[in-house]
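S.K.: Between the sequences and the hints, there should be enough to build the whole structure, so can you do that?
Numbering (numbering that gives the first Met the number 0), first residue to last: 0 to 553.
Heads up, a few of these hints could be off.
Claimed, not checked - With a straight-line cut-off of 25 Å between C-alpha atoms, the simulated DSS-like cross-links for lysine-lysine are:
| id | residue 1 | residue 2 |
| --- | --- | --- |
| 1 | K46 | K36 |
| 2 | K519 | K403 |
| 3 | K410 | K506 |
| 4 | K506 | K403 |
| 5 | K506 | K519 |
Rather than coming from a laboratory, the hints here were simulated on the basis of the structure.
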Amino acid sequence: MSPVLAGVLQLLALIAALALAYRPLGDYMARVYSSEKHYKPEKWIYKAIGANPTAEMRWPAYLRGVLAFSAVSVLFLYGLQRAQGILPGSLGFQAIDPDQAFNTAASFVANTNWQSYYGEQAMGHVVQTGGLAVQNFVSAAVGMAVAVALVRGFSRSRTGELGNFWADMVRGVVRILLPISVVGAIVLVACGAIQNFAGIHEVGQFMGGSQQWNGGAVASQEVIKELGTNGGGYFNANSAHPFENPTPFSNLFEVFLILVIPFALTRTFGRMVGNLRQGYAILATMATIWIGFTALMMWTEFAHHGPAFDVAGGAMEGKETRFGIGASAIFSVATTLTSTGAVNSFHSSYTGLGGGIQLLGMQLGEIAPGGVGSGLYGMLIMAIIAVFIAGLMVGRTPEYLGKKIGTREIKFAACYILITPALVLGFTAAAMALDTPANSMTNTGAHGFSEILYAYTSGANNNGSAFAGLNADTQWFNSTIGIAMLLGRFLPMVFVLALAGSLAEQKPVPETAGTLRTDKPLYTGLLVGTILIVTGLTYFPALALGPLAEGLAS
Numbered sequence: 000m001s002p003v004l005a006g007v008l009q010l011l012a013l014i015a016a017l018a019l020a021y022r023p024l025g026d027y028m029a030r031v032y033s034s035e036k037h038y039k040p041e042k043w044i045y046k047a048i049g050a051n052p053t054a055e056m057r058w059p060a061y062l063r064g065v066l067a068f069s070a071v072s073v074l075f076l077y078g079l080q081r082a083q084g085i086l087p088g089s090l091g092f093q094a095i096d097p098d099q100a101f102n103t104a105a106s107f108v109a110n111t112n113w114q115s116y117y118g119e120q121a122m123g124h125v126v127q128t129g130g131l132a133v134q135n136f137v138s139a140a141v142g143m144a145v146a147v148a149l150v151r152g153f154s155r156s157r158t159g160e161l162g163n164f165w166a167d168m169v170r171g172v173v174r175i176l177l178p179i180s181v182v183g184a185i186v187l188v189a190c191g192a193i194q195n196f197a198g199i200h201e202v203g204q205f206m207g208g209s210q211q212w213n214g215g216a217v218a219s220q221e222v223i224k225e226l227g228t229n230g231g232g233y234f235n236a237n238s239a240h241p242f243e244n245p246t247p248f249s250n251l252f253e254v255f256l257i258l259v260i261p262f263a264l265t266r267t268f269g270r271m272v273g274n275l276r277q278g279y280a281i282l283a284t285m286a287t288i289w290i291g292f293t294a295l296m297m298w299t300e301f302a303h304h305g306p307a308f309d310v311a312g313g314a315m316e317g318k319e320t321r322f323g324i325g326a327s328a329i330f331s332v333a334t335t336l337t338s339t340g341a342v343n344s345f346h347s348s349y350t351g352l353g354g355g356i357q358l359l360g361m362q363l364g365e366i367a368p369g370g371v372g373s374g375l376y377g378m379l380i381m382a383i384i385a386v387f388i389a390g391l392m393v394g395r396t397p398e399y400l401g402k403k404i405g406t407r408e409i410k411f412a413a414c415y416i417l418i419t420p421a422l423v424l425g426f427t428a429a430a431m432a433l434d435t436p437a438n439s440m441t442n443t444g445a446h447g448f449s450e451i452l453y454a455y456t457s458g459a460n461n462n463g464s465a466f467a468g469l470n471a472d473t474q475w476f477n478s479t480i481g482i483a484m485l486l487g488r489f490l491p492m493v494f495v496l497a498l499a500g501s502l503a504e505q506k507p508v509p510e511t512a513g514t515l516r517t518d519k520p521l522y523t524g525l526l527v528g529t530i531l532i533v534t535g536l537t538y539f540p541a542l543a544l545g546p547l548a549e550g551l552a553s
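M.R.: Written out as structure tokens, the structure is:
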């Protein structure tokens with residue numbers, strides 16, 4: 000079987016698996032977030048944290064819950080890393096330096112999971128399982144809760160109440176993420192992923208010396224790493240490491256975990272607003288971009304550019320022979336079009352145009368299908384922008400799902416889409432202008448610029464992957480990327496929740512002959528075009544200096 004055919008068949012198998020899970024998972028999540036029942040374990044959690052799960056919250060209270068919980072999480076994870084040297088199960092590792100501890104705490108709480116450290120050489124069992132793995136669950140649940148709050152803004156009227164943050168977050172963990180993770184961890188263990196609390200041990204003799212590996216609860220962390228679109232690897236090689244991702248089947252299963260909740264949330268959205276066709280329109284937009292990017296990535300990496308490429312069957316540099324080009328391309332697009340950041344190949348070794356596709360996927364806002372929760376609310380913001388543009392074309396006040404998109408709503412949406420580009424381009428410009436950050440680049444020229452652009456794009460968009468040619472373990476990068484991750488995660492949430500509150504206060508607008516049908520293919524095309532044009536106008540100059548220049552020169 001040719002490598003190209005193998006890649007296409009894997010893509011088709013993945014699409015079939017996602018299609019089978021779409022309806023039951025989407026409907027189940029809608030029931031979870033609409034239920035008034037609280038299970039006993041959930042009641043214990045509410046009692047422990049002193050929360051009243053039945054109290055409805057307006058958007059300022061909901062936002063305070065998000066920010067307060069996240070702030071406590073940052074402090075807890077920072078303290079846990081700083082105290083690592085005196086904790087049991089530390090494997091002899093010392094406390095993490097302050098700047099790196101801040102960066103890691105911000106990263107995992109912001110659902111970014113950017114890592115400027117070698118996992119197997121820095122973090123002991125307690126920090127990995129009690130700190131990082133816990134944040135993999137709760138940071139994902141926070142994103143889902145904010146998305147559900149925005150959906151309630153569309154579905155409710157004449158009230159500013161958006162639900163209860165504490166109930167939404169706890170349900171997301173207890174009823175959705177945890178059950179799937181238990182099953183997924185068993186599958187990964189069956190595939191060969193390790194799950195233990197072993198210490199550091201030698202695994203053989205290599206060139207006169209020995210190589211050491213430490214064990215760990217890898218399978219359980221790997222599954223929530225992908226399912227929660229987190230991405231932080233137990234080992235530095237991430238999902239290219241055989242302990243995390245042993246076989247081609249486990250590789251495809253991990254891609255499935257990355258995509259299943261973000262895609263299924265469109266069904267949840269349609270069910271909660273009472274119009275499944277609206278969910279299908281959002282799904283079609285996400286799927287169009289995802290399939291298009293995957294096909295383009297496969298083409299760039301399979302294209303032959305000389306004898307070495309002919310012999311290897313494509314651009315095999317930096318890719319695992321266990322997976323090949325097709326599976327690596329599928330994984331790469333899935334991880335950069337979501338906020339996952341996990342890698343099963345070396346992104347810096349992709350072709351110039353392949354690296355550009357990875358960058359553009361993050362710069363779209365990671366909305367196709369995006370992170371758990373963040374992908375849905377990011378896409379709904381773009382849907383509002385598209386409706387607004389259509390309204391300008393016909394001279395009519397735009398409407399979406401029976402709600403008028405007035406001055407207030409479009410200001411919130413505009414602020415949302417401006418935050419991340421400002422962070423990415425601002426920090427990239429500062430890093431290139433200063434000597435110390437630029438000295439961290441392994442490469443010069445266009446590829447060196449791409450390393451820094453990629454780092455801040457990944458951080459501000461809460462992705463977490465890296466070109467890996469950049470030495471990011473410096474005070475400058477640990478501090479600035481940490482700030483970019485926190486601002487890139489929580490500032491947009493402010494405007495999402497403010498928009499949700501504004502929409503929930505409105506009364507429904509009856510549909511007329513002049514109302515734009517947002518459940519038709521015409522609107523899906525408009526939405527895809529809006530996403531690509533807005534991103535293109537924003538980032539094209541930076542992309543032209545980096546991956547495009549490199550790709551055209553090769």
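S.K.: If you draw a straight line from the CA of K46 to the CA of K36, is it 25 Å or shorter?
M.R.: holds, 15 Å
S.K.: Sort out whether K506 lies within 25 Å of K410, counting only the CA atoms.
M.R.: Satisfied, since the Cα-Cα distance of roughly 20 Å is no more than 25 Å.
S.K.: Has the given pair, K519 with K403, been kept, meaning a C-alpha gap of at most 25 Å?
M.R.: With a Cα-Cα distance of about 19 Å, the restraint between K519 and K403 holds, given a limit of 25 Å.
S.K.: Taken at face value, is the distance from the CA of K403 to the CA of K506 at most 25 Å?
M.R.: holds, 9 Å
S.K.: CA of K506 to CA of K519, is that 25 Å or under?
M.R.: holds, 24 Å
The earlier numbered hints are all upheld by this structure, with none contradicted.
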